[in-house]
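Protein chains in written order, with the numbering used here: chain Y, 1 to 357; chain L, 1 to 357; chain C, 1 to 357; chain Z, 1 to 357.
Among the clues, some could well be false.
Chain copies aren't distinguished; within one or between two, either way the pair holds.
Stated by the list, open to error - List time: in silico EDC-like cross-link candidates among lysine to aspartate or glutamate, alpha-carbon distance up to 20 Å:
#1 Lys68 x Asp18
#2 Lys69 x Asp18
#3 Lys68 x Glu54
#4 Lys68 x Glu323
#5 Lys305 x Glu63
#6 Lys130 x Glu323
#7 Lys305 x Glu279
#8 Lys130 x Glu97
#9 Lys225 x Asp289
#10 Lys225 x Asp244
Hint data in this document are derived by calculation from the structure and do not stem from the laboratory.
There are 4 protein chains.
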Amino acid sequence: MADRAPSASGIGRVDVDDEVRVCVVGAGRAGMVHAENFRWRVPYARLEAVVEVEAERGARAAEELGLKKAYSALEEALASVPIDGVVITTPTFTHAELAVAAARAGKHILCEKPMALTLEECDLMIQAAKDAAVILQIAFMRRFDPAFVAAKRQIDDGLIGRPQIVRSLTRGPTLPPPWACDVRTGNGMLAEVNSHDFDTIRWLGGGSYTSVFSQASTLKAPELKEEYPGFYDTAVAVLRLDNDALGMLDGICPVDYGYDARAEVVGSEGVLLIGELRETATTRVTRQDGMVERHYGSWRDRFRKAYVEEATHFVACIRGNQEPAVTGWDGRHALEAVLAANQSIRTGQPVALPLTG
Amino acid sequence: MADRAPSASGIGRVDVDDEVRVCVVGAGRAGMVHAENFRWRVPYARLEAVVEVEAERGARAAEELGLKKAYSALEEALASVPIDGVVITTPTFTHAELAVAAARAGKHILCEKPMALTLEECDLMIQAAKDAAVILQIAFMRRFDPAFVAAKRQIDDGLIGRPQIVRSLTRGPTLPPPWACDVRTGNGMLAEVNSHDFDTIRWLGGGSYTSVFSQASTLKAPELKEEYPGFYDTAVAVLRLDNDALGMLDGICPVDYGYDARAEVVGSEGVLLIGELRETATTRVTRQDGMVERHYGSWRDRFRKAYVEEATHFVACIRGNQEPAVTGWDGRHALEAVLAANQSIRTGQPVALPLTG
Amino acid sequence: MADRAPSASGIGRVDVDDEVRVCVVGAGRAGMVHAENFRWRVPYARLEAVVEVEAERGARAAEELGLKKAYSALEEALASVPIDGVVITTPTFTHAELAVAAARAGKHILCEKPMALTLEECDLMIQAAKDAAVILQIAFMRRFDPAFVAAKRQIDDGLIGRPQIVRSLTRGPTLPPPWACDVRTGNGMLAEVNSHDFDTIRWLGGGSYTSVFSQASTLKAPELKEEYPGFYDTAVAVLRLDNDALGMLDGICPVDYGYDARAEVVGSEGVLLIGELRETATTRVTRQDGMVERHYGSWRDRFRKAYVEEATHFVACIRGNQEPAVTGWDGRHALEAVLAANQSIRTGQPVALPLTG
Amino acid sequence: MADRAPSASGIGRVDVDDEVRVCVVGAGRAGMVHAENFRWRVPYARLEAVVEVEAERGARAAEELGLKKAYSALEEALASVPIDGVVITTPTFTHAELAVAAARAGKHILCEKPMALTLEECDLMIQAAKDAAVILQIAFMRRFDPAFVAAKRQIDDGLIGRPQIVRSLTRGPTLPPPWACDVRTGNGMLAEVNSHDFDTIRWLGGGSYTSVFSQASTLKAPELKEEYPGFYDTAVAVLRLDNDALGMLDGICPVDYGYDARAEVVGSEGVLLIGELRETATTRVTRQDGMVERHYGSWRDRFRKAYVEEATHFVACIRGNQEPAVTGWDGRHALEAVLAANQSIRTGQPVALPLTG
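Please put together the full structure from these sequences, using the hints given.
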């Protein structure tokens, strides 16, 4: 099987009979989730390469994945093995450069959220993918989670009428990495953790953002505030969409109790409650402990299936069987709202969207 | 207001405008539940008297209920204050005598389960009530619980088709009293605790029992087996109805974890799950304890509303506004199945129903 | 039993052995809930009078409650029968005048929410109650709901650590009355419906409001916008407390699907989910309909027990057995936040709290 | 990679670094579940062959699985490609012959339930596997379901004390195939559907069966009773274990509402509720439909993860990383109880276990 160039017409795609060859960039937690999925659980995919700048971590990843070695740079991998799709899971500030490089090499791209640090980076990524006629999918995996998918379908079927309010939340057990906690080098928790909620509100609310107001506090890790100016660990936001639907989100990181991602859509004819904290359908009842169930401790467990479905969708798009469902524009819209929310936190004022240059 | 004799035609009833005057016999746990309800929570009812043989307990009850005194015998109460209805909550072996006395005095009767110790006693009670044209209601309060009522209505509306299997269970935190644990003087846990399940299976299953098979073990309080021959604390039973529906029940007393009463009806077009262990719609989630909810610890809490509704129904029947929903025949049928189940436990064989003299 | 004046020292109270005599003002929906509770379900209470300006409705209420007649004015009732406590359930704009009159007559007061239309009215009511040494309880009945009570106790016990975010919502099937929809004569849905949420956030969040930001839309009944300037049927708000906890609430009225009141408190060591939509623990599963449960259609059903507990608390306070748990100050704080939220909706800006004269 | 013979010592196993090569026999519904799992979702497994006697179905299966062809007989497949493990999913009456053939060829065996038609067949299979030192795993996949696994672990950890009652149920939407409905050629629903429940009771109850009593009815498909003597579609059974724990199970096939598999274990210190009907954590609430959730319609969906875990376990055992968790003896015990239950249905009497030749 020789490497395949994108077709002249539109998005270049591999033959349906062939397996899609994937390179995962980054062997951190998210990277390993993707790598293991492409290795073992995604039909018609073949994990060909893993790229990791940290040598020891790369070697360990290669061993776990049954690969001969890990590459230290994307270019090295692309030069060594035939690749159809690149999965970018490295820190946010590296996304744009990697995505543009992948696009220029004619590779399809699945990029972790948040898409990038700035709207300018987003624009570069979108343009590069367009120029190369490759897929640029942003990893909002909730769009592939069974609970969210069922909700979206019911909204589209009109079962709850017109959306009036969308609530979405994400609370997780681990702090974003230091560079993300520092608002001089990252966009904070709202970007690293709540990107999903911004996307969910727009996706399920069915409109475009027209304004955001956000408030934040530092209650769980106040000691970090000295180190990282602008650091916050608790935030809420209110969004308005151009169809007059209202959005609400909240985020806390780190939260002590586990991993929590739920949403709710109130429509003119009904309401949808999406997701839950409970992990396993086993209930123990004892006098001493009460009625006890196990809850999610990690996004890896909560969205295990969603990650596989997301990867499967990426492969199906590359093979030409599906149309990309989450594009660079979705990533850019979410980032724009995050940037505006951070501005609102700083100024104490609501911020109109879209942001004006 | 003078005492009112039953009317000549059928069941004697008090005028709709009047309050129904109630005497509760027995100031134990069940007695106090009834007494408090008739005192505070049942419209058009007035608690006039409490009867309790144990003087100190009677005095305490009277005080709690805001009554001047407690009577030591039913006849004393009936001779002292005008009464329309008598509520019998004393040990099972006293039911028949008290009920017959109340009936002969022209008083309507609400009798706790199990109805009596023997079928002969049941027959005496039914005949006495019939002769006096008074109501004889057996306290199967589950028939008034919102969850069970909703299920019954859905079955009657045909929403799950024809019942094929009815499962019912009762597990409680406290042993029946010693006389009931001793099968020489009582009918054991199946009578004192699982009477409700026998009634539920017949009520929701929509047929008459044709056979029962039961198995028992003594796993929780084996030390009682020496004291009480035939004692068991764990039992299951399988029933067949004449419409070929099958019934299953189980009981454990004492059970360590709380109070548990649930049922399930599988029909040809659907299933009904009835009741739950959870008491309060408050969920706490912490890393250490997991996802925790409060569950029922007592039948008083689980069936709080059912007891009020049951009492309200009794009053409504006396006032002529409703037809009695749970009669002496229902009590007799349940007892017959209990006796047969105990026989099955002893012999290891299924027992046909109805029992033949 | 003669009428009893308040004692010289502090709050005047009736003797513990006596029943508390209650007058309910207003025989609308909320008024009848209170009247029926004081008539049938509140120990040591006696419903003595109902006041209703609309003659026909008053007569109907009296009949349903087994009273001889209804009074057309509070003064008439107070002049006719001995009364210990007055329950005010009339439209908001009448609260202050009635409460002041009741206080001046030495009667304890249970006043429906919202407490009044303006902060000046609140101040008059608080002062009048203080001067007369009578109880002024505001009817935030959620504080007596088992789910909310359990949550509050767990927060106080430190089980979820320090509150970081409190979310609360109320959505109901019926529009507020016309005078309330018109922001020239009322304070809109946020006052009539979401007062509870403002109170919940302060109560469970454990701090005082420092700011509020609110957004509203008119999506369900846009035709009313012409009639009532400023009308909205959909609103969200973000609050900040002085302990840096953040609050979020939403409201929709009318909402098509039923009655919905839930809350959530995220603390530094855990989360509490409070309340649910499900009404009855009966689940039907059929191929065609799926897994179906009954949900709350009305606040009367959702908070049935809370209303009884609230009234029982009022009686217990009058009898000197409990300290008032929800005071005029609680009502005033909630109203202040409502007024600020309405101002935020009008201006598009956050509003600082407390409001400055 | 050459074919590998079992090692001389004990169970023969493949090298850890190698992939396990699998042949699935039978391309019916269960066969395709296994084949797809080994093809796409089981790490270190490689689906090498599918065997299907029906040519057209075999061709379709091969295409779906990306295999060049399907084989028409196990011997043909074994002669053509190197195979380490054989998965038997054909009708029950073929299990013994296929398993013995596979064992004699030195292949490890994963055999669908029920294990076989007779205890003699079970014995042959167990002996053949023992002689060949190959794994004989019976496909009681519930032992790998997260809810059942969590329950088992909690029992083993002593969290609910000593098991007193185990309840288990299976109800499914589709009739067993004709040969299984006919008790002259099969063992009916209790074998084909409720084998799992018999196994669950023994596994979670922690003892050996000492007796069974069963009752059956024909309520859903009575027309089949003429065609198939002894046919029943509704059954319940009571089991006793040698530790005096009691077991209860029920089964209905076809059941109209979906697929249902739940269990419950009551212990001396608590209770475990295992499994649920709800499939997706999305709740829709509308006035008209109530509170609606999606439930399981098929065992494929309910036990999707369990099938993958079961297959993964099979591969891990072959690779020497795990000890076989469900053996031929487990299959034989379940069959023995099924045979005794069918005898009980015929005779109306309880049947002692183990069965005596």
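Comparing the hints with the structure gives:
1. Lys68 x Asp18: between (22 Å within a copy, 14 Å between copies)
2. Lys69 x Asp18: between (24 Å within a copy, 17 Å between copies)
3. Lys68 x Glu54: within (16 Å within a copy, 42 Å between copies)
4. Lys68 x Glu323: neither (33 Å within a copy, 29 Å between copies)
5. Lys305 x Glu63: neither (24 Å within a copy, 25 Å between copies)
6. Lys130 x Glu323: within (15 Å within a copy, 53 Å between copies)
7. Lys305 x Glu279: For Lys305 and Glu279, both the intra-copy (13 Å) and inter-copy (13 Å) Cα distances are at most 20 Å.
8. Lys130 x Glu97: Intra 15 Å, inter 60 Å, cutoff 20 Å: intra-copy only.
9. Lys225 x Asp289: neither (37 Å within a copy, 30 Å between copies)
10. Lys225 x Asp244: The answer is between: 14 Å across copies meets 20 Å, while 36 Å in one copy does not.
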